[in-house]
Amino acid sequence: MKQFSLILLSSLLIAGCSNLDRSRDLANPNVRPEVTARQLCSDCHGVDGNSVSPNFPKLAGQQEEYLVKQLQSFRHGDRASEQSYQYMWGMTATLTDEQIKGLAHYYNQYVIKLSLSKETDKILLAKGKEIFENGIPAKQSPACKLCHGAVGEGMATIPRIAGQHAAYLVRQLVIFQENAGRPGTPMESVTHGLSAAEMDSVASYLQALGG
Amino acid sequence: MVSTQRIDAYVSQVFVTLAILSALGIGFIFSKSASALPLFARQTGQSCLACHAGGQFPELTPYGRLFKLTGYTQGVRTDIPLAVMAVASYAKVSSYNGSDSSGVDFPRDGTANITTASVFCCGKITDNIGVFAQYTHDFWASQDASGSWQEHSHIDQVDIRYSDRFIDESHDFIYGLSLNNNPGVTDVWNTHNSAFAPVSSYVPAGNAIFSSSALPHDVPATPILEGLQYSAGLSGYIYLNNALYAEVGTYKASTSGLSFLHDAGVGGPGALSTRLSGSFNPYLRLAANHDWNANSLMLGIHALHASVFDDATLISSNSYSTFNDIGMDGQYQYLLDPHALTLLFSFTHENQNYSGYQHTANSFNPSDTLNYLRAKITYVFRARYGASLAYTQAQGSSDLGIYGASPAANTQANLSFNHSPDSKLWVPEVFVMPVQNIRVGLQYFKWSQFLGGQTYTYYSGLGTPSSRDASDNNLAFLYVWLAY
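So the protein sequences, as listed, match chains U and W.
Numbering follows the numbering used here, in which position 64 of the first sequence is assigned residue number 64; successive positions increment by one, without gaps.
Numbering follows the numbering used here, in which position 4 of the second sequence is assigned residue number 1004; successive positions increment by one, without gaps.
Okay, chain U solo, but in the shape it has when bound (with noise of 0.2 Å):
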């Protein structure tokens, strides 16, 4: 019996030395990105890409390019929010560019769910509405829709807004606003005179927009 232990367990330890199928592994390149998405990164962002947590966004059906480049940007620290540095530098900082593509097209392919939402304040969905489609002209900030897409689909390194938790947007908007650690768009100006009713309000309406 003890011999059956020890040969159980050294079987065990051996096969557990490399597990390329279902590694968490992050400093393994040849760990295959859609390994790397059900074993680490759906603790959090969820296994087809539609996070429970409204900390996390939703990367179900967002596009590829715009994945790719915010997961190099975390991995060469140029996105720099508060949360970037908690959450998302270190489990960047060993991925290749093609496990990042890999993990770009993995959360691409699947289709984004709405949560279920309690908002039922209609005039705040309205104004939302009106922000996203007409932005707002007295403050200069466009609509949402001319680089968003008509029904906030994104394209190409401009993310998929729609169906995004109303939590994770506001947040963004305020890093934006405030110039926090996401540099390199025009989201400082679109948003620089936007109040906080206003971003929760456009928020709530992408929360709740199919697209």
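Mixed in with the good hints, there may be bad ones.
Said to hold, decoys possible - Anything over 10 Å on all C-beta distances counts as not near chain W; from chain U, calculated:
| hint | residue |
| --- | --- |
| 1 | 189 |
| 2 | 192 |
| 3 | 208 |
What the hints assert, rightly or not - Computed spacing ranges between beta-carbons, pair by pair:
| hint | chain 1 | residue 1 | chain 2 | residue 2 | range |
| --- | --- | --- | --- | --- | --- |
| 4 | W | 1334 | U | 143 | 28 to 38 Å |
| 5 | U | 130 | W | 1448 | 55 to 65 Å |
| 6 | U | 181 | W | 1282 | 46 to 56 Å |
| 7 | W | 1382 | U | 137 | 31 to 41 Å |
By construction, these hints were calculated from the structure, which means they are not laboratory data.
All C-beta atoms in this analysis are idealised placements derived from N, C-alpha and C, irrespective of residue type, glycine included.
Fit chain W to the supplied structure of chain U, relying on the hints for placement.
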């Protein structure tokens, strides 16, 4: 039919084999070249708040729970898998009432101390194996006959895991094995563990700040589930779809090849962890979990059956008492930056069935019961400013032999007037974390009941009985916690 002895022998072999392989695994880590100082945060490159609610130990986030359940294997294996922790503290008790020598009974009261320091050897070993192991040094462990302080180093928490995860769009199945040294160190909701539980004290207890029996830091009667630290445990667990958790384990005495899980200095040769009978002292843990939006809710049950030899000298006589614990627990979390809110509770009912020897020598009753409740609410803002309120309560059978019998000569003891273990302790706390490696906190231990009432009998170190109020034990506790 397989005999009990054969089962015991087989489980013992599995324990020892796992221990050897774990040691080999740890050696494998050390064999790598060194270039950095790591721990789990260094392994994932993330901040503490990714795994700990609001960045404060010990409550885990949903991600932190998955990190632990997947065997500490997520991320990059670090070159030096070491981290360090130290605690400095200052404690001031409410009153020296009943003490005929405050210097003897409250030796470190009103004195700033570097209290404890720990070294952690942790992290990913292979794709499937990881370790959490803590070694602690107490600077004020005990006093010798001349009153000189003795330091003491000892093994603390140990959890060595093998885990695997099968996940696709429709299923998420995690399973694993854990070799550990107490029930509770494995639990990702911190339901019962002296260091991790939703208890009063955040900092390591058991040091000299609290060592005097005149100055209790926790309720005086706890179920055996809370007292099995330094035993040897082997458990298997599954976690299905982030919804159902099941763990089955067994505990045995941490002797012979498993003595590395045991602390002889703290526990002593007659410690409970060395008196467990046989290899089959089963532990069961079931939990249902549901995450939605920024919320997470868990409801669970836990149970332990343990047979404990009455005395280290009586092991060969096969005289043992049995303890049956069963309880329920729960946790609610709301985590949305910058807010982190955690509510925990754990209730355990214990039946204590004494052997003939124990009944004759110590307990007045042939059996006793104990109901034990812990609850805690913690809020942290911006992973920097926090407050918590903890409550611990024990209620049980009155037993003259256990809670009311006079001690041996010159022995410190707390005795109940009505032979009752009933005690209630509140601990509010405020803390600040200027950076994630430093925490400064102030706790206040408030006793609303101690050993069955508002007063109890205290035997000082000189063996003199006197009356002392429960509130005399109220305590202000200031600490600075550092980790790297």
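Here's how the hints hold up against the structure:
1. Consistency note on residue 189 (chain U): stated as away from chain W, and its beta-carbon is indeed over 10 Å from all of that chain's, at 25 Å minimum.
2. Listed as outside the interface, residue 192 (chain U) is consistent with that label: its C-beta sits roughly 23 Å from the nearest C-beta of chain W, beyond the 10 Å cut-off.
3. Every C-beta of chain W lies more than 10 Å from that of residue 208 (chain U), the closest at about 14 Å, which supports listing it as non-interface.
4. Between residue 1334 (chain W) and residue 143 (chain U) the beta carbons are some 34 Å apart, a value that agrees with the proposed interval 28 to 38 Å.
5. Checked against the hint of 55 to 65 Å, the pair residue 130 (chain U) and residue 1448 (chain W) passes, with Cβ atoms roughly 57 Å apart.
6. At roughly 51 Å, the beta-carbon separation of residue 181 (chain U) and residue 1282 (chain W) lies within the given 46 to 56 Å, and the hint holds.
7. The given range of 31 to 41 Å is respected by residue 1382 (chain W) and residue 137 (chain U), whose C-beta atoms sit roughly 35 Å from each other.
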